[in-house]
Structure formats: C-alpha cells, structure tokens
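A.B. asks: Take the given structure of chain A and dock chains B, C and D to it, following the hints.
Number of protein chains: 4
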Amino acid sequence: MNSGIGNNIRLSVFGESHGVAIGCLLEGLPSGVKIDYESVLAQMARRAPGKDKTATTRSEADIPEIISGIVEGVTTGAPLAIIIKNSDTRSHNYNNIKDNPRPSHSDFAAAVKYGGNNDIRGGGHFSGRLTAPIVAAGAICRQILKQKGITVGGHISQIGTVADTPFDPVNVSANELDNLSKKFFALNNLDCEEPMRNEVEQARLGLDSVGGMVELAAVGLPVGLGNPMFSGVENVVANMLYGIPAVKGVSFGAGFGYASMKGSVANDQMYFADDGTVKCYTNNCGGITGGITNGMPLIVSVAVKPTPSIAKEQKTVNLKTGENSTLQIEGRHDPCIVPRALPVLEAALSVALLDLLVKGDRV
Amino acid sequence: MNSGIGNNIRLSVFGESHGVAIGCLLEGLPSGVKIDYESVLAQMARRAPGKDKTATTRSEADIPEIISGIVEGVTTGAPLAIIIKNSDTRSHNYNNIKDNPRPSHSDFAAAVKYGGNNDIRGGGHFSGRLTAPIVAAGAICRQILKQKGITVGGHISQIGTVADTPFDPVNVSANELDNLSKKFFALNNLDCEEPMRNEVEQARLGLDSVGGMVELAAVGLPVGLGNPMFSGVENVVANMLYGIPAVKGVSFGAGFGYASMKGSVANDQMYFADDGTVKCYTNNCGGITGGITNGMPLIVSVAVKPTPSIAKEQKTVNLKTGENSTLQIEGRHDPCIVPRALPVLEAALSVALLDLLVKGDRV
Amino acid sequence: MNSGIGNNIRLSVFGESHGVAIGCLLEGLPSGVKIDYESVLAQMARRAPGKDKTATTRSEADIPEIISGIVEGVTTGAPLAIIIKNSDTRSHNYNNIKDNPRPSHSDFAAAVKYGGNNDIRGGGHFSGRLTAPIVAAGAICRQILKQKGITVGGHISQIGTVADTPFDPVNVSANELDNLSKKFFALNNLDCEEPMRNEVEQARLGLDSVGGMVELAAVGLPVGLGNPMFSGVENVVANMLYGIPAVKGVSFGAGFGYASMKGSVANDQMYFADDGTVKCYTNNCGGITGGITNGMPLIVSVAVKPTPSIAKEQKTVNLKTGENSTLQIEGRHDPCIVPRALPVLEAALSVALLDLLVKGDRV
Amino acid sequence: MNSGIGNNIRLSVFGESHGVAIGCLLEGLPSGVKIDYESVLAQMARRAPGKDKTATTRSEADIPEIISGIVEGVTTGAPLAIIIKNSDTRSHNYNNIKDNPRPSHSDFAAAVKYGGNNDIRGGGHFSGRLTAPIVAAGAICRQILKQKGITVGGHISQIGTVADTPFDPVNVSANELDNLSKKFFALNNLDCEEPMRNEVEQARLGLDSVGGMVELAAVGLPVGLGNPMFSGVENVVANMLYGIPAVKGVSFGAGFGYASMKGSVANDQMYFADDGTVKCYTNNCGGITGGITNGMPLIVSVAVKPTPSIAKEQKTVNLKTGENSTLQIEGRHDPCIVPRALPVLEAALSVALLDLLVKGDRV
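Chains as they are written, first to last, in the working numbering: chain A, 386 to 748; chain B, 386 to 748; chain C, 386 to 748; chain D, 386 to 748.
Isolated chain A (complex conformation) (with noise of 0.2 Å):
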C-alpha cells in the first residue's frame, strides 16, 4: 500500500485514524517561498469536525504541525513534513466491525488484501481522518499558486436533490472563489442553504445519509499546462480527486452533459480579448483541450457518494462465523460529507495544478 502522487510536487499521505499521528510529505516545493501558517489553519478549521450538525460529533484540535521545510517561514525548497496528532479517539466502537463489513466501506476488500493486518480501528488508513494532511498540504499549495496569480475555490453544488447554481464557466473570477474559500457552507445562492440543511437533517434524523456534488474552478492558469494524453490536466485532476474517499465521478466542463450536444454548440469558438489574450466565447471544455490549459477557467465537478456508515440496520457478512448477518453501525458519523469535503477536494485540485505548474526537479 502506498498513498502518494504526483512527479514535480509529490504528497505522499500517512497514518491511521486511531493511531498516534497522521501527517503527509510532500515534495519538491519551489525554496525562498513565503508561507502563512494562518491560511493553513483556516483551511484546517473549513475541514474540521464537530462543529455542525451536518458532520460528525468527533472532535479533534487537527492542528499541523510543521516539521521540516520551512525556516522561518519560508520554504528550504526540502521535503515538508506535516503531522498532526489524533487525540479523540474512541476505539472500543469499532470491535464489531472486524467480523462484520460495512457496506460500501472498504472493510470487507481491505480485509481480503491485507490478509486481516489493516488497522481497522476508525477506519486505519481508509479513514476519512486523512485527507486533513491533504487539506494542509493543500493549504500550503494554493499559497504558491495565489502567489504566481492562480486562484482555487469551489461550492456545493448539489447535496440530495437540491442543486446550486453552476459557476459561470466564462466569468467566474478569483475574487468570488476567494470569498467562497473562507465558507464553510460554499454556495452561490445562498437561497439554497436551508433546503440543502433540510435534507441532511432529514437524512440524520432517519439514521441515513445523503450524497451530493461539489463544482471547483482554477483562474488564472496558464495557457499550456497539462500534455497530450496520459499526462494531461484532466488525467492529472482526476487521478488526486479519485484519492479523495466517497469521490465516484469526476467530469470537466461540460461533462456528461456533452453526451446530448451537437459540435456546432459544445465548441468553443474563439476571439480575441481586449487585452491580445485569446478567449473562448463559451467554455464547454472547462479550460482544457487536448490536455493542456487553454487560459479559460478550469472547471471540475465531483460526485460524492453517502456517507456509508449509517445507524440503520444493514444486511453484512460475518467473516469469522461464515453466516450472513446484520450490522448497526455506531460511533459517530457525518449524515452528509459534502460540506466537509468541499475544502479537501479544493486542497486537491491545488496540489495537482501546482504538480502541473512547477518545472521542477525529479520527484
């Protein structure tokens, strides 16, 4: 098992849920860069439990401490290391569920691979828990690209069966996602909070939980990110977002929406703006084409499936007896991660566009 990725910037995720720290690495950071550790901690705080009836109880101070690769803050160009303690741990919930999978959670494939070794308590390694290194690193990422004028955010753009509204994929603009990326409940129309709170309130109340969708957009990219191929932004994306736990879809642009379209309406034709740049009148494409930044927005939506671990009684196996069985999951559980996941998913984005970005050295 190994949790890393990228080839100029690589983050490699370590730790386990119960353990005594989780943390990640992350490599080949540009040296002489200025990093503000209270823009991490707000990124950390959009990620953090317990504070909301929509996530878990869990609570957890999650605070990153840096380790190595900063002097004074400002980066030594040397591998950052980032740990962060776990302390509200409660263990003894999660007897059970050795012997009993969670639908839809990774036990039962976990059990199979690791031949029973993984650490199952709170999840081991497949928790959730971890993508808050994620969220630091990431942190520390959308710093460097702010700084050569690349601007990350997003919104939730659906939970259940209520939709926000879609950025404008011509005009969204770097000003709008920053002040999105200080909210914990990230919306464009704010009219669509109450009705999403409703239907994860519902979900809760009915010991379920329910899924949703969360749309990021990058400003301010280069022309010419990104390769022909395998190595292009969209493979690039969607291979960080799809680390992301709960991710089951991954589309830019247009996205799926182009299935029904004609060429002469999914294309974007072209001129020239005011200023010489070359623009695009729509853009269906979501900034990329042929795998490489076109100077347009990049725009990405992610499906985000339930959370699985719900009270309700649920139809299991029980590995040890053999026999089918039934499983009440206790402990304490989000009823909808979308909230929470929108900071990590823009954490994300950041390090692969920063991944794309810088023309390092080998990683």
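Hints may contain errors.
Which copy is meant is left open, because identical chains are indistinguishable; a pair holds if it fits in one copy or across any two.
[What the hints assert, rightly or not] Derived lysine-lysine pairs resembling DSS-like cross-links, with alpha carbons at most 27 Å apart: (1) 419 x 533; (2) 533 x 568; (3) 470 x 567; (4) 744 x 531; (5) 470 x 419; (6) 697 x 647; (7) 483 x 664; (8) 419 x 483; (9) 531 x 664; (10) 438 x 568; (11) 705 x 438.
By construction, these hints were calculated from the structure, which means they are not laboratory data. Note that the structure is predicted; figures quoted are calculated from it, not measured.
C.D. replies: Using the frame of chain A, we list chains B, C and D on its own:
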C-alpha cells in the same frame, strides 16, 4: 511531452497522424503468454475508419507490426513494440489550421505550449489516430486478462438523446461482454441502433457532429486489486481513460447519480453466495470500495464529447494576423466518434486493469 | 528537492539536522509481517554518534518513533512513518558557514540551487544525520528479507592505507554476515582494527579526517531478481547507495579489477551443486549477470570519502563580500565516517533489495 | 521486464538482437530544437561493429530511422521514436546456448526469470546490440546539451594492463572532449594505442577477451543540477551507466582513490576565478557535492568487464540433461568491447545529463 502511463505495465504511445508511422511500447508483460494475433486484428478492425457513415472516410490498413517482445506467438517478457505504418495522409488539407486554430481542438493550446513546433498535420501527436496503437496494446492485455479469468467489454450507452439500456451491474456476464466485443455498433438494446444512427446522420447532414457515452464493465476481477488513496482502481482507470481524446467525464457505478441518493439506498449490502463468496445485493459502488475491487463487476461510465472537427463555419482567431477570423474545417471527419471510441476505451481499460493485476518487476 | 526512492518499496526521507525532527516514510511494505523493535534499535545504536573516538561527540538519543503502519508489532500494509526527534543541536556553531561555504561540502552548490533558502544549520537536509531514519527503515526491511531467507551484512574493507580481508565471494555465509551486523567496528580480520584506529586517531590529532571503503554482501537471494538495462540489481543498488552522503564509488564483484582481467579468468564457470542448484566456481560478477541475480552472493564495494568537515584552515570564498577567504570549521565532527557509514550502507542495501524482491502494488 | 529510465527525459529501449528491429523512445525532449542527423550517424559509426580487429565481424548498417518527434529536422516536443532494422543475423549459431548457458552471461538468470521464454537468439533483449539505439538517443541529447553550452566526452582509460593518461579534472576542456568524440580509439595519450591494441590482439589470438576502463567528462554544466539523497547527479548517472552491459563499476572524481586520502588533501578548496565564478583548486569530487553540480567538470570512471563470449572451452551446466557440461561459444564476438563501449557510455551520460538539466513536464 510524453505519452506514457502505468506502473507494473507501462504503455507508451508515439507517432504523428501524418508521420511515417505510429506505434506504442508495452513494458512489463509477463513472459510465456500466448498471444493470438487474429484477436488483435479483430479489435483493430472495430476502431478502423472508413467502413461506415458514422465515421471518417480516411482509409487506413492499420496493420500492427509487432517488432519485439513476442517470439513464435509467445511473450518473451521483453518490451513489446508495435508499429503501424501511416498511408492515406492528405496533409494539404491542414495548412489553414496552423494560423486559425480549430475551436475545442488542441491547436491553440499546443501552439502556445510547443512554440509552434508541434506537428500540426492531421493533428500530429494529438490526433485520434494515435488511439490505434492503444487498441493493439489493449487487445494484447485483454487476452492476458482473459487467461486469468477476467473479461472486459462495453457498449454505446448514449448517442445524442438516445440512451441504451445500461448493464445490470450485479449480473453482467462474461458471455455478454464477449459478444459485445465482437461488434462495431455494440448495444444492449438493439432497438437503439436505428435512432442512434439517425442522430448521427442528422449531424452529418447538418455538417455537425454529436456526442455520447460509453459504459464499460469488467467481470472476474479478484477481490483486492487497487489501493487506498491515489493508486486505487478509480484513480488508475480514470487516469488511463482521460488519455483518450474526447473523454470529458469518468464515473464509477452510480457515479453522479450518487448525489441525490440516501446512504440506505446507495449502500451495497452483502451476503454469502452459494459458492461461499461474498456478494452484494446491489452494485452502486461499481465494484470498488476504498479504491479496491470487492469482487463485484467493475462498472465505468465515460462521457465522449462531439468531434470538434465540423464543417460548419466557426469563429476563431488568426494567430498570424492577430485578428478574429472564421474557419471552415475541411478534410474527412467523424460525425460521431462514439462507436469507434468504444473499442479504444475497452482497450484502455484492459491496459489499466492489467497494470493493477500484474505484480511485476519495476517498470 | 525530494528525497525519495524506490518502485515497489518507496523510501522517502525528510527533516533537517537542527529542525524539530527527522524521519522517513516507507511505503509498499507487505502486510502481516512481524517487526522486532529491539532489532531496529540495535542497528540505530551502530550508527549513533558520540560513543567512540572515531566519531563526533554530538550525542543524540536517536529513538525512532513508528507512528503508523504497524499495529501490535505487525505491519498493516499502510505507509510506515518514522520520526526521530532532534535534541542536541548547537546551531550557533554554523553561522559562519552560510557566507563561507565549506570545501567539498554541499554548501556552495546548495546555496546557488536554493537561492540561499536551504537550511544551513548543521547541514540541514544535507546532513549525515539524515541517515538515521535510513538505518531505521533499513532495519525493518532487513527483517523482512531475513524472514524470506536473505541475509545482508558488511565490513569495513579499508580505512586510509589499511585494508581488511575481503569477503570470500563464493562462500560468504549468512552466519558470518549476522555476526558482523552486531558490531560497530565490523571486520573480517580483527587484526586490522588497531592499525585502522591508528589511522583515524592520527587524522583526528592532525585536525584532519580519513576516507575508506565498505564491502557489502547479501546471501540467500533467489535467482531472477532485477531486470536487464536500467532496472537491474546494479542500477537499483547503486542508485540507492549513492544516496548516502560521502559515497563516491560503487562497484560489483571484481568491479574495477575487471579492467585488467582476461575473459577466461573473469568468467564465472558453472556447475550443479549437490543440492541440484546451479553454482559458479568463482563469483567475479558479484552475483549479478545481465542485471539479474544468479543465485551467488551479491558483493558490492563502496568508496567513502574522508569527512570534508575538518578543523584545519582551508581556502574558500566569501559569498557575501565576493572575496577569497579562509575557513576553520568548528563544531563536532567525525575524523572517520566509515564505521558509522557501514550500518547506513547495509540499511540502504536492505531497502534496495526488498524493493527488488517485493512484487507489490504500485508505489 | 522494462528497459526505461528517466524522469524529465525518459529513454525506453526495445527490440531483440535477432528480431525484426531494435529501437528506442525518447520522451520529454524540448520542442523547437534543431537536430543534425549527420552527427547522429557519426556517433553510430563509432559504435558500429565490423570495422576493426578489436570488434566482432558482424556487419550491420545500423541506420537509425527517426519515425516521430522530428519534423524538418526540428523537435516537435512529441515522443521521438527510433527504429534500427536488424539485417546480418545468423541465429543458427545460438542453438546450443539455450541448453548450456554461457558463463557470466545473462543466459542462466534470464532462463530462470522468464521461464525459458526469453529470446535467446543473439542474446535477445540482453544483447550488446541494444546499445545501438542508446547511441542514437544519446547523440540527440548531446546536441541539445551542446546548444546549452555543455560538452560530453570520454576516452579509453585502460585496456588490460595499459592505462591512458587521465583527464586533468580541473582543466579538461570542451575542445579536447569534442576532438575525442570524433575518434573510434579515443585516447589522451596516443602512445597507448599500440600497446592497448596488442593486449586485445593477444586476447583474440588466445580465443579470449580482455576488460578495461572508460573515463567520461562533461564541462559547462551549470551549478545546481541534481538533488541531495536519491536523485543526485551520482545516483542518476550511475543508474544510467549501469544500464550498459558489461559495466561493473562506476565512480566519481577520485572515486575509490578517496579511500586512502586525508580530508585535507581530498577537499577541493575554493576561490573566485577572474570571471567572478567560484572554482576549486582541485576536483576530487568530480564536479559534484551533496549530489549537486558545483560548476567544476564532471568526472566519471567506468569499469568494463571482458566480453564473456569467448571461444575457449568453458565449464557450464546443461539445463536439459541436468548434468555438468562444457561449452565452446561460436559466433562472432568482440575480443575487447571497450572501444565500442566508449561511445555508448558517452551517449548514456548525455541522456542522464539532459534528464537532469531539462525542467520539463511530467514524463
């Protein structure tokens, strides 16, 4: 620019549409595997142009010459190189494009990235023609998978507004997939062929093109392929599929449908089948939990955008004069790329799955 | 900058000499392997400073804390992270060096490469101290190798002008290697210890340092590890060993001695041993032919340059004033790094061999 | 099995000695670089067999056909594929070897590793003939290096007991290296040619072979190439050079000579040269400190073992009968591979240095 992918199996694609030849390199194959060349040709034929009104009239023999890695029909374990000679090239059709980049093509982004040195003739390395060696490589990988009990297949799930019946994600069979893999216009519901062809014909007559979707499946996968986080089945497969031109969305199982689902419906509850294996009642997760195969069929959906090469006049920029201009694309183009994309996507999936399956030496 | 290596087993090292902590990440380990923590500490002790007149007087507890990847002494398969806290740091000793780079140190090259942002205190990420986590990682890999019948070991083959008896490349035994692995000043011929220590003491008294050589061996390797060309055993091992500071030469078997040999003498002729295995009468190839292990002991020689940190006055440049200058290096340094380099090189070899042995998932 | 290497520049070699063709793929090249094909042929000629009593009498045209990546003599940035057709193959000479593996050849190890499926004819993928595409690739990389002010060269530093004068590691010049690069029997001291040829002729007449050494150099490298630890210049170069068959030792600068040196002698003290650059009085470190170039010439020594294919009778095993046997190798072989290895090693070094120099996209 590079066009390689994979860890245990590495596929590298090379060549330009109007160069001497195109081809690929396939590294990491196990030694001692019998390869049936006729089956390779059969897959090549499904992708080959010129045989149908849905496709370009360019005619290419597309005979893949295996120049290393196989002796007397058996893999040696050494890198397998495939060459496909180009023949029917008409480069004079493309002269106008260098100055007037085609909307939603890579032309503009590539011109910036490569300083105008990229081969523009026929799309150069960006051409859909570069998928021919992928089909050959995939046909070889697919045979190795088959020998290990794994069957890959797919169907055209949508063209324009017409949708085919989706796979039964729980019961889709090897037999069913094998039958589909022999067809050019592969469908679950044969009644869809006529209305789909109508959509394509309408597009063709309107000097336009139309998009669609492909649904892929693989059965017989052992439990335990893939990894948590960034090297999971979803990451590896999505990274590979986004390498195929025109792909703008990749989702697994219920995919974007998860967004409006409750956990109690979405979760795939488990039971012991009569043969003692663990099965799920549903397969919304598309055969993957926590990045790892769970023994259920792998289900992937792929969005394919309409071919951007249309004969209708379009607005673009003239990079030479610096003024807005218009373009009418000449040459021979596919009004709908979906039927020819299907065998390419099956091939790409086969390479990705073999990469996940083979526990080989370093590639 | 990155400090990672490996395909099936990936080792990533992080930290700076005078930072909070140093450590490493070890990915790709098989699950279910019992790890003896005491054996890890025993190897750490061989490298630890401060216990001998040949070494620096800096005193570090060097207790490796395993923060993930092991539960109840057994590997989970998840990434294994190790942290070693720094304690005895005296950074004021290094202030002069930033302006006046030390001859034959990385100071000058690193200052240029990282724009002066690299951590200069104690050598930062370039410090020999960064080999401590490699020893810990290697001790874990060595145990896994041992459980598969493979034994790694080595001896000080030269210090200054005094050379130890080389290994018998045909008959070197696991027993012999195990005994050497318990010693700090590991020699085949114990009579060499006194004259070697004399060379070191002379260097120390002369405010100087002295170089040497290490010979490594591994027995029990199966036939067939490694690949032709660029992923052979020699490539992988040399790539790893050159990661250890002060290494300036790596050779296999007869190595540079091959230059003056005839083929009839150099060739390792073969026979069937009594147990039916194929053996060679000689082992000039050091256990590797065509990049692949042939079942004979692996024999590697490593040249170690004298520690560049010497107290004698040396000529250097002042990067601040732009004028030539002189430097007398203060601080605590090793007059001879070879005895402490030995366990590091054994560890590095162990990681490389496990990387070659494990046919794992993607790392 | 794979035969690829590199991060920013990736070289993949394919083919078998007696197959249809051999070749290579070179990915990551910058676009817009003019390549002189005649210079490629000139380097091919230095490696080509059949022109000298030191070499095999096998005659091969060895014309590298560039089938992609170059249009009108200029790199496009797309993968560059090279094919070299095989012609003068006499496979009947090799039938005996499959059963009776040649001592110190890969035959036995490969037979075990690939289950007897590897192509044995002419050594298959293990043949020295596979170095021909490396020379072609290296000739291209060398031209790109040259355009950036970097010159690579080398000489035969030893054959048997005769040693050439080594490079002056401080003052070796581009001019000197360029002159050497035009010669087949490249020497610093021309008086060594006759005694060296005598050693080879003696070996040839005695149905034997003889080993040697090559010394390589590169001048004009900027300060700052390479990384600490595992991606340093030494790691990258050694990894590459060990990909050339017969290489059994690689050292940098003083190399194994460091073992008996004192630090005060070994250290390369520094000063400001008249042009303001930082230089060293000596260059024992061979131009690399801490894995990073320091602006002094890069100096590498390579040990080359005697060709194992000798006509003298040798002891081996018969894998079919399971009994000890003897073997007299027929066919055409080099009594001394060193002169032909020199251009191959220069080429390999060129690829490695370009890989370190290019800060490109993902490969």
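A.B. asks: Does each hint hold? Answer for all of them.
C.D. replies: Taking the hints in turn, this is what the structure says about them:
no.: 1; hint: 419 x 533; verdict: within (12 Å within a copy, 32 Å between copies)
no.: 2; hint: 533 x 568; verdict: within (23 Å within a copy, 49 Å between copies)
no.: 3; hint: 470 x 567; verdict: within (24 Å within a copy, 35 Å between copies)
no.: 4; hint: 744 x 531; verdict: both (17 Å within a copy, 21 Å between copies)
no.: 5; hint: 470 x 419; verdict: both (25 Å within a copy, 25 Å between copies)
no.: 6; hint: 697 x 647; verdict: between (45 Å within a copy, 12 Å between copies)
no.: 7; hint: 483 x 664; verdict: between (55 Å within a copy, 17 Å between copies)
no.: 8; hint: 419 x 483; verdict: between (45 Å within a copy, 20 Å between copies)
no.: 9; hint: 531 x 664; verdict: within (22 Å within a copy, 38 Å between copies)
no.: 10; hint: 438 x 568; verdict: within (16 Å within a copy, 52 Å between copies)
no.: 11; hint: 705 x 438; verdict: neither (36 Å within a copy, 58 Å between copies)
In the structure shown, a violation is registered for the earlier hint numbered 11 alone.
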